[in-house]
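Residue numbers (the working numbering), protein chains in the order written: chain A, 509 to 770; chain B, 1328 to 1501.
Hints listed in this document are in silico derivations from the structure and should not be mistaken for laboratory results.
As the structure is a prediction and not an experimental result, all values here were calculated from the model.
Incorrect hints may have been included.
As the list claims (entries may be wrong) - So the derived label-pair ranges between C-beta atoms look like this:
no., chain 1, residue 1, chain 2, residue 2, range
1, B, T1383, A, N543, 25 to 33 Å
2, B, Q1440, A, R709, 31 to 39 Å
3, B, K1394, A, P696, 20 to 28 Å
4, A, D686, B, G1480, 53 to 61 Å
Where a beta carbon is used, it is the ideal one built from N, C-alpha and C, also for glycine.
Below are the chains, spelled out letter by letter.
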Amino acid sequence: MKIGIGYRRDLSGWIEGMPSGVECLEITAEHFFHNGEARLVALAQKYPLFVHGLGLSLGTPGRLEKRPLDQFARVVQAADPAWISEHVAFTRTAEADLGHLNPVPPTREMLQVIAGHARELSERCGKPVLLENITSHVRLTGDLSETDFFNELCDRSDCGLLLDVTNLFINSRNHCFDALKWLHAIEPHRIVQLHIVGYSRSGDRYTDSHGEPIQEELIELAREVVRHAPVQAIVLERDEAFPDVADLETEVAKLNYLRDGN
Amino acid sequence: MEIDFITAFGRLLRDGSLRDVYAASPQAAAGQIRLRRPDLALWLQLVPEDVEFQATVLLRKRLELVKYFVPETSRRAGERLSAAFRGYARTHWPPDGCDQFFDTYLFCQHLDQHLPGTVVRTEWNRLAFVASERRVAVHWVRLPVAPPGWRFGIQFFVRGPGRQRQEFLFYFRL
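Isolated chain A (complex conformation) (with noise of 0.2 Å):
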């Protein structure tokens, strides 16, 4: 299993210096969408490279959109991933980009949608794809459990599992579930890489800001997943509020000592 870090542009003087503990990198594809493909191949000969999508809104019925999936092609060339990810989620609709990350119902019309356009992924990349799961203070449900969504839409599509741990956590307390007992319902085998990074608080609500040491609670969960699955790698993925090295290299320690059994 690698400990590795979402690369960052406010991060990559100090990733290019090969910090201890950091094995591996997930570079976000939009990130590079329109320009750096040179310094990905730089630091794909540093370390194991994961590209992860933000924006392909797989959620979305219809075809996938050409021009970000070139795009995202283009990246994975440059990188050479070993695998990519992107959400179970919408971020476009038919008339508009929302910008972001949006929940989709747990619906066998919608598994059909997202299995279909992970297997185009997948071929259009020549890569294995992991989906990931989403935060969203909105809970849909449908005719499947989440969990039950979750498995078959890998079976369907023949992905992974990228398994927010903070997403997760975060999910459960806003929506008042237990996060093991969802754990424990998704097939191990499937979950190949964590995302992990602090949550933050906002009134009685819980976020994702990624600008968070990460909690306690959160490796607890982590470890419990590392346990039930035969996870490849863990990421941590700080987005904003980015401390000083010391810090940085804690948070790196922490995953290791999880890694290695602590």
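Using the hints, position chain B against chain A.
What follows is chain B alone, placed relative to chain A:
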């Protein structure tokens, strides 16, 4: 024409007045947007407070991307940035088929009208080049430096095959 649940949900998330109609009567909101009948059960389960919170999250996420693409402009706008973005986002969403870079481009146009002098010229030139189909662009630029003064330079953009873009910025030593 009838619309599906995803299209309807998206419309609800970006249209505050539709959310008001939904909060008063989800059935009336469904009729107003001509939601297809099989999706009505999904529509009726939405909780107005949750949808409102999700809509706020969307705005915040969009603003984060703006900050990513135009960091100097964002710093220059300071605390006025969030209010300006909320004003912009009330009526502007990236048109279908346009990416978040283009959202930033449209927002900077808005910012230039409402907070003149805020948009950093080198960042604006970059956005404008990406939004265009041009193969080459050259701009004189003038950037503030400390202690209060100016530094002059030339900013070049070149677009290669496959829309790959390169940028060069040369400063003159004064």
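To see whether the hints hold, each was checked on the structure:
The hint said 25 to 33 Å for the Cβ distance between T1383 of chain B and N543 of chain A, and at roughly 32 Å that hint holds. For Q1440 of chain B and R709 of chain A, the hinted distance range of 31 to 39 Å is satisfied, since their beta carbons lie about 36 Å from each other. Taking the beta carbon of each, K1394 of chain B and P696 of chain A are about 38 Å apart, not inside 20 to 28 Å as hinted. In this structure the hint that D686 of chain A and G1480 of chain B lie 53 to 61 Å apart at CB holds, the actual value being about 59 Å.
Comparing the model with each numbered hint stated earlier shows that hint 3 is the single one that does not hold.
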